[in-house]
Every structure is written in C-alpha cells, then in structure tokens.
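**Q** Sequence:
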Amino acid sequence: MSKRVCLLILFQICLLIRSVFAESTVVVFDEQVRVSGAAVINLGQLAKISGDDEENNQKLRQLKIGDAPVPGSSFVLTKEVINMRLAAAGIDLASAMWIIPDRVTVIGDSQVISAQTLLDKGTNTIRDQVGPNVKYDDLHIFYVGREQDVTVPVGNVALSASLPYGIRYNTPTTVMISISVDGQAVTKVGLRFKVNLYRLVTVAARQVNAREIFTEDDLRYERMDTGQIAAGFITDKNKLLGLMARRLITPGMVISDSMVNKPVIVKRGNMVTLTAFIGNIEVIASGQAMQDGYENQLIRIKNVSSNKIVLGKVIDEDKVQVVTYKSASAS
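For the sequence shown, the working numbering gives the first residue as 2, with consecutive numbering after it.
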C-alpha cells in the first residue's frame with residue numbers, strides 16, 4: 002500500500018474523529034509541495050488545515066516554518082524536523098491532530114528566462130543606443146561568453162538594460178540586465194558583446210605631400226571597422242577640400258583631423274595691416290609676420306613703428322588683429 006493511500010485513509014479517519022470531536026483541528030501535510038514568490042514558507046503552504054475554529058486555523062496557516070527554497074531547487078523536511086519547528090514556535094501538538102509523512106519535499110516553483118531572450122535584450126539595447134542613423138548592416142554585434150539560461154520565481158517578468166560604460170568599439174561592451182518579477186528585483190546579469198561599427202571613412206587616393214592642398218582627386222572613401230582605426234577619422238571628404246596636409250600621407254592611409262590644417266595665407270616676412278581696438282576706436286599700424294599663419298591662427302607680428310612683438314589673430318592674407326603685446330622688443 003502506497004504512502005499516499007495510507008495518508009488518505011488516515012485523513013478519512015481524522016474526519017470520522019472530527020465528527021465526534023467537532024472542535025478539533027486537523028493538519029494534513031502533503032508529501033510534496035511547490036512554493037513560489039515569498040522568501041519564507043508557512044504552514045499553510047505545506048499542509049491542509051481544517052477545523053471549526055477558523056481564526057485558529059488562519060493563525061496556523063500563517064505560522065512560519067522556514068526559508069523558502071531558491072527557485073528551481075528543493076529540499077526535504079523530515080517529520081522530526083517539522084515537529085521540532087512546530088514545538089519551537091510554541092505550538093501545542095496535543096491541541097490538534099497532525100498527519101505528517103516521514104519526508105516532505107519542498108520545491109521552489111520557477112520559470113526560466115532563456116539565454117536567447119537575454120541576448121536579444123542586450124543586442125537591442127546596443128542598437129537603440131547607437132541610434133537610427135547607423136545602417137543595420139554597418140553595426141555587427143557578437144556575444145562574448147557562454148550562453149546561460151536564468152531561473153527566476155514564477156510571476157510577471159520585466160527586463161531592463163543599461164550600458165554602464167557606454168559602447169566600446171575596441172574592447173568588449175558590457176550590458177547590465179536587471180530582472181524583476183511582479184515588480185520585485187530578483188537579479189542582475191552582465192553580458193559582454195563585441196561591437197563593430199563600419200563606416201565609410203576618407204582615405205588618400207594617392208600620395209599627398211606635406212603642405213599640399215587637398216583636391217577631389219586626392220580623396221576616396223573606404224568602408225572600415227572604426228574600432229580598428231585612430232580617433233579623428235573623417236566621414237565627409239568635402240570637409241578636407243582646400244585644407245593643407247601637415248605631413249606626408251601615403252595612398253590608402255586614413256586621414257584624420259590631426260593630419261590637416263588650414264592653408265597658410267600669411268607667410269613669414271609678409272607685410273600686413275595690424276588692427277587693434279582701444280575702446281570703440283580702431284587703431285591701424287603696419288606689421289611684419291614673424292611666422293607663417295592660417296586663418297584664425299595666433300601668430301607673432303612685429304609692429305614696424307614701435308619695433309615691438311605683438312600676438313595677433315590672422316583675419317585674412319593682409320590683416321592681423323592684435324590680441325596682446327609682448328614685453329620683449331625685436332632683436
């Protein structure tokens with residue numbers, strides 16, 4: 002005869018006894034129970050409690066028996082352990098009829114969030130951060146690590162993701178996913194992705210010598226992984242037209258903003274017009290450039306009248322606006 006049949010027979014006996022002792026309380030434990038949600042388990046989750054005194058029944062149902070198992074795991078409570086915990090809680094075992102099997106298995110009810118669900122959340126978070134201006138095929142995202150499902154309690158699952166360190170194109174990008182169930186935070190999962198962003202960048206179509214001015218024929222586009230090239234690359238070659246190479250640039254070299262400069266419009270030794278403002282009055286004098294200069298660059302100019310060296314901003318090829326004086330005179 003199985004244990005379950007024996008328990009049913011005992012339960013029926015208890016019902017017969019109750020018909021004689023109507024006020025008695027009967028507590029019948031199940032051999033296996035599943036619990037979910039709460040961090041602790043109470044007597045009402047482990048046993049069926051009946052009796053005419055409903056207030057007393059409810060108190061027994063709320064009695065804490067122990068901590069709940071982690072979702073997806075289980076443990077066994079022996080009859081001896083249950084009796085000890087009831088006694089420790091101050092329960093008078095003689096006040097009710099207790100039907101307790103030798104072993105009660107308690108299972109933490111759970112649900113599984115698949116690894117693919119988490120990966121999709123991480124991937125979409127990266128794409129959302131990059132924005133709609135980047136073409137889908139230009140952004141490659143690869144998961145770095147071992148795919149693993151996550152077990153959580155039963156309930157309504159919500160996922161939220163963040164990029165604590167932003168998106169990185171030369172090292173793995175971390176996406177932190179927070180998991181909550183029924184509004185309660187459960188756990189966090191950190192995922193690492195390799196992110197490649199491909200862009201059309203400007204490269205040299207031919208050799209460009211130092212101080213040479215860029216023309217349309219000097220430039221072309223090449224699709225490249227931006228994480229593998231230095232910062233400052235240029236995606237619009239039109240921005241380079243008319244600018245000057247600061248160094249020798251070989252064919253196929255990625256052109257960055259540090260390699261170019263505005264063309265020199267004032268050459269060393271050229272005579273220019275110096276302008277300065279004293280209040281609302283503009284003062285004009287003749288000056289000689291002491292160095293080459295491009296538009297808006299600060300250069301040294303000698304005031305030919307006072308023989309003083311001044312610092313001025315290049316306005317155009319003939320005019321420099323004085324910003325300050327140097328105390329030293331020309332030697």
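Because the hints were derived from the structure by calculation, they are not lab data. A virtual CB, placed ideally from N, CA and C, is assigned to each residue, including glycine. There's no promise every hint is true.
[Said to hold, decoys possible] Straight-line distance between alpha carbons at most 16 Å, and here's what the computed EDC-like set of lysine to aspartate or glutamate pairs gives:
#  : residue 1 : residue 2
1  : Lys-136   : Glu-217
2  : Lys-268   : Asp-317
3  : Lys-195   : Asp-121
4  : Lys-80    : Asp-103
5  : Lys-195   : Asp-138
6  : Lys-80    : Asp-53
7  : Lys-238   : Asp-258
8  : Lys-268   : Asp-237
9  : Lys-268   : Glu-283
10 : Lys-240   : Glu-217
11 : Lys-49    : Asp-68
12 : Lys-320   : Glu-283
13 : Lys-263   : Glu-296
14 : Lys-238   : Glu-223
15 : Lys-263   : Glu-223
16 : Lys-195   : Glu-217
17 : Lys-80    : Glu-32
18 : Lys-80    : Asp-54
19 : Lys-122   : Asp-93
20 : Lys-263   : Asp-317
21 : Lys-320   : Asp-293
22 : Lys-240   : Asp-226
23 : Lys-268   : Glu-296
24 : Lys-268   : Glu-217
25 : Lys-263   : Glu-283
26 : Lys-303   : Asp-319
27 : Lys-122   : Glu-148
28 : Lys-195   : Asp-110
29 : Lys-268   : Asp-226
30 : Lys-49    : Glu-32
31 : Lys-238   : Asp-218
32 : Lys-60    : Glu-32
[What the hints assert, rightly or not] Taking CB as the label site, the calculated pair distances span:
#  : residue 1 : residue 2 : range
33 : Asn-125   : Arg-147   : 49 to 57 Å
34 : Asn-125   : Tyr-222   : 25 to 33 Å
35 : Asp-183   : His-141   : 31 to 39 Å
**Q** Let me make sure I understand: some of the numbered hints might not hold for this structure. Which ones are they, in numerical order?
**A** Violated hints: 1, 6, 8, 9, 11, 15, 16, 18, 19, 22, 24, 25, 28, 29, 32, 33; rest satisfied.
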